[in-house]
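Put the two chains together into one complex, using the hints given.
Protein sequences, first through last, are from chains A and B.
According to this note's numbering, the first sequence is numbered sequentially starting from 35.
According to this note's numbering, the second sequence is numbered sequentially starting from 923.
Check before you lean on any hint, since a few could be wrong.
Quick list of in silico lysine-lysine cross-link-like pairs, BS3-like style, CA-CA up to 27 Å [unchecked claim]:
hint, chain 1, residue 1, chain 2, residue 2
1, B, Lys1001, A, Lys217
2, B, Lys1137, A, Lys217
3, B, Lys1076, A, Lys217
4, B, Lys1095, B, Lys985
5, B, Lys998, A, Lys217
6, A, Lys117, B, Lys1020
7, B, Lys944, A, Lys196
8, B, Lys998, B, Lys944
9, B, Lys1020, A, Lys196
10, A, Lys196, B, Lys985
11, B, Lys952, B, Lys987
12, B, Lys1020, B, Lys985
Quick caveat, the hints were computed from the structure, so don't treat them as lab data.
Because the structure is a prediction, the values reported are computed rather than measured.
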Amino acid sequence: MEFAVSQILSGISLGGQYALIAIGYTMVYGILRLINFAHGDVFMIAGIMMIYMATTLPLYIAIPAMIICTVLLGFLIERAAYKPLRAAPRMSVMISAIGVSYLLQNLALYITGGQPKTYPRIPWISDTVTIFGARTYVVTLVTPFLVIALVVALTLLINHTKIGIAMRAVSKDFETSQLMGVKINTVISVTFIIGSFLAAVGSVLYFTNYPTVVPMSGAMPGLKAFVAAVFGGIGSIPGAVIGAFIIGICETLIKGTDYAIFSDAFTFALLIVILVAKPTGIFGEKTTDKV
Amino acid sequence: MSETILEINDLRVSYGGIEAVKGITLDVHKGKIVTLIGSNGAGKSTTLKAVAGLVKPQSGSIKFKGQELIGLSPDKIVKSGVVLVPEGRRVFPNLTVKENLKMGAYLRKDDLTEDFEYVYSLFPRLKEREWQLAGTLSGGEQQMLAVGRALMSKPELIMMDEPSLGLAPIVVKDIFKIIRTINEAGITVLLIEQNAFMALQNADWAYVLETGTIKTQREGLELLDDETIQEAYLGKTRE
Ligand SMILES: Nc1ncnc2c1ncn2[C@@H]1O[C@H](COP(=O)(O)OP(=O)(O)OP(=O)(O)O)[C@@H](O)[C@H]1O
Ligand SMILES: [Mg+2]
Chain A
35 MEFAVSQILS GISLGGQYAL IAIGYTMVYG ILRLINFAHG DVFMIAGIMM
85 IYMATTLPLY IAIPAMIICT VLLGFLIERA AYKPLRAAPR MSVMISAIGV
135 SYLLQNLALY ITGGQPKTYP RIPWISDTVT IFGARTYVVT LVTPFLVIAL
185 VVALTLLINH TKIGIAMRAV SKDFETSQLM GVKINTVISV TFIIGSFLAA
235 VGSVLYFTNY PTVVPMSGAM PGLKAFVAAV FGGIGSIPGA VIGAFIIGIC
285 ETLIKGTDYA IFSDAFTFAL LIVILVAKPT GIFGEKTTDK V
Chain B
923 MSETILEIND LRVSYGGIEA VKGITLDVHK GKIVTLIGSN GAGKSTTLKA
973 VAGLVKPQSG SIKFKGQELI GLSPDKIVKS GVVLVPEGRR VFPNLTVKEN
1023 LKMGAYLRKD DLTEDFEYVY SLFPRLKERE WQLAGTLSGG EQQMLAVGRA
1073 LMSKPELIMM DEPSLGLAPI VVKDIFKIIR TINEAGITVL LIEQNAFMAL
1123 QNADWAYVLE TGTIKTQREG LELLDDETIQ EAYLGKTRE
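Extracted from the complex, chain B is given alone in its bound form (with noise of 0.2 Å):
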């Protein structure tokens, strides 16, 4: 087993009184890609809030390299080097493709030439569009440059709230290509999925949620296999 590089524990977080997450714990290991699926509502964005800074947790803990995240600001948690692709991608449509990206390295004094070439290597497109406004870019490439823009502040965990979300089968075959190719390179992912299916093929370990708990817990391929996972899930998005 590597090392667990973030340790989330009985993580609690209510809006207005009503709980959405109900004491979650879970663990990601370095360099590892792992999913939470689940149906809608199940709490899934709102860990990854709370993990981002976004949301602040009723109780519990949320540890990255060992260190407590809960009460760090926003900017401090993409300082430490955990990063959050928001669902529904939002890019700035108002910034071209590179202002997006400049955003995304908002907290970085460094050079950006190399990173700018890595990004636009991965996604050769953004680099011909690096001029255009990203609110005119597809929807497929919005996706990209919400992960591209993710990655220009060079994280060690970089968490996905439905990449998929919208995009044509062909896009989505791209974006896991791309989520592989990220952590081929030794970044570690936490993937939120709505296409199962995918998640679980590319995933090293995934965790099912369901209103607000885990549920069930094991390596993606086996819980592909599983059949009340197929049933409640997998049914679900081949309809």
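The shape of chain A in the complex, shown without the other chains (with noise of 0.2 Å):
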């Protein structure tokens, strides 16, 4: 019972930190149809930041500070790599993504020497609560509590705003949008900067709870958020939030089987069934090209 109780608060509160990755992928395919490759990478460089900011900084001044300076890094990253390529062909864009993403996990080798570096302890998150009989850190609990939070907060942005409904009109035609008025450079940023300060806020409840940090570390939560944005229905919120859920939850159920070795490969096989059974995900668009 107990096992199961943790085993469950792991799964959903790992989701929470998944989802958290996920809106920043589906956001910026939203508007770009670009798969972000660096996304994971942003990550893993907010959890670097984190670490050598809390060597000389308080942590209340250095949680701020590696939020701002990585949603700096998104929006540096938009500017100097994508939006050069705005005419030109979305594979191009894509190699850009990847080779953003190498660079950035050349950059965290370069500067931690490929030694594996140790996450900072945050007070509360990371003390250890029983709940239900069952022992787990508190950041497992609050983790959904802020994930669902942000979603709102986020879901009234975009349905409510002014810069939320230029989004919406963004994503399904630029050139319409510029007869509105709206400067697209400008809205693009917002997403990137949206989906870097998620990934940031995920990367403190992540790493609290896998608190080794090294270059590779943002490869594999990126792929299951990615998996999940694509599970969920690529370009949709809701879509990917509960796509990360699911496979959060079902990783974590699976790791407490005799079958635990097999858990990332569930995640992988899910996005080759859905890719095969239904491409638009959960609620995808029927439409996923964009003229």
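Here it is as structure tokens:
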């Protein structure tokens, strides 16, 4: 019983962390039809920045500073690597994204010297609590609530603010949005800023649970989050969130059985199944291609 | 003669080395309805896109109330009072009718209550469908929305690219009635049409565009009586 409770709690929590990364994939795809391969690595860099900042700064400064720097990083990546390719074929932008991904991984390798780094222990959320007899970290309990609060805030932003309406308009039609006076580049930057912000918050939650950061630390969570976004229907925010929770829970439950080594394989099998059976995902639009 | 609000001079636009607009010169007078007719591929849409800042001309000038528009970004052009209703309506299908109208007023910071009322008074059907997704509107309703959306920017000059395209004759009539109403409210209209008959009947002045150059210009009704025009454009539209 305790084991089951603890597994389900961890699964929900892991799912929430994937959700925060998945939103970045799905929003960028929604607007640019680009799979931003560098997104998982931005998440990893957020972890590394936190480690270095926490050695000199108190946490209450290090955390906001890390979040701001991650947002800045996401913004700059878009401006430097994607914006100049706005008129280029989509494949060129994808390749540029892969390039940025390797660049960030190698940058991390260079900075850390290849040594695994330990994530700082954050008071309160790193504490252990006992719930229904199961011992777990506070972060495990906090994550789902924080994720839901952020998703609600994001949904309100997208549905009710001017920039939110503009984001939805731009995702359908660049040219006509321009005719309304929308600056496309501003909207795209806002999208990257939101995605990076959520990834930065996600990194705090994730690395508190898995406190070792290496240059490849973004690859797996990034990939899982990407699968979640595809599973939910890439371009759809609720889809990405639900997909992430499903993957996080299933993965953790499998990890608790004798088939633990198949937990990653499950996620990718799911990707293949969804791509074959329903390529548009749970909430995907029928027409994925833009004119 | 009233003052010229839009002045296009020797405008040239190319797409990848192929010239689509080959030195067009035209004037639009304030408060008038001016139409630009011509067969497919003549360069009509390209001309309007150049005015709206969507394509960069090779050379020439586009002056709106004396201000050069070439080189300005589309948002600056909208802000200066020029708006384009694009070919094929291009409403945002995933936005509600009301949100589409809000997008039209994207650059405005003042109160929009009166503007919504004005647009809804022109198009009562949009009011009924305020919360409907624009993608589910009929073609005629979408065209009304596209025009209403453009009006939300409070333009001085509204450019319309084939507003009657693909609409039933009775709806076409409605659209032209609206164009006149808008014009009577003081907004200058620059209209592209395939439906030359309707366009010439309603326009104060007409330009005929052929393969990137202006072939003739005359008063709308006068041109309607021109035999060569009748053969070239009116025969076609009545087929
Ligand atoms: N994006 C583009 N890239 C390349 N060529 C283009 C592009 N847009 C238009 N053209 C070409 O420019 C020429 C003029 O096109 P334009 O759309 O301005 O014509 P039009 O008069 O509006 O025609 P229609 O009545 O069919 O709408 C055409 O030969 C067209 O093929
Ligand atoms: Mg055209």
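Tested hints:
{"no.": "1", "hint": "B/Lys1001 / A/Lys217", "verdict": "12 Å, holds"}
{"no.": "2", "hint": "B/Lys1137 / A/Lys217", "verdict": "36 Å, violated"}
{"no.": "3", "hint": "B/Lys1076 / A/Lys217", "verdict": "19 Å, holds"}
{"no.": "4", "hint": "B/Lys1095 / B/Lys985", "verdict": "32 Å, violated"}
{"no.": "5", "hint": "B/Lys998 / A/Lys217", "verdict": "10 Å, holds"}
{"no.": "6", "hint": "A/Lys117 / B/Lys1020", "verdict": "31 Å, violated"}
{"no.": "7", "hint": "B/Lys944 / A/Lys196", "verdict": "40 Å, violated"}
{"no.": "8", "hint": "B/Lys998 / B/Lys944", "verdict": "25 Å, holds"}
{"no.": "9", "hint": "B/Lys1020 / A/Lys196", "verdict": "12 Å, holds"}
{"no.": "10", "hint": "A/Lys196 / B/Lys985", "verdict": "31 Å, violated"}
{"no.": "11", "hint": "B/Lys952 / B/Lys987", "verdict": "9 Å, holds"}
{"no.": "12", "hint": "B/Lys1020 / B/Lys985", "verdict": "33 Å, violated"}
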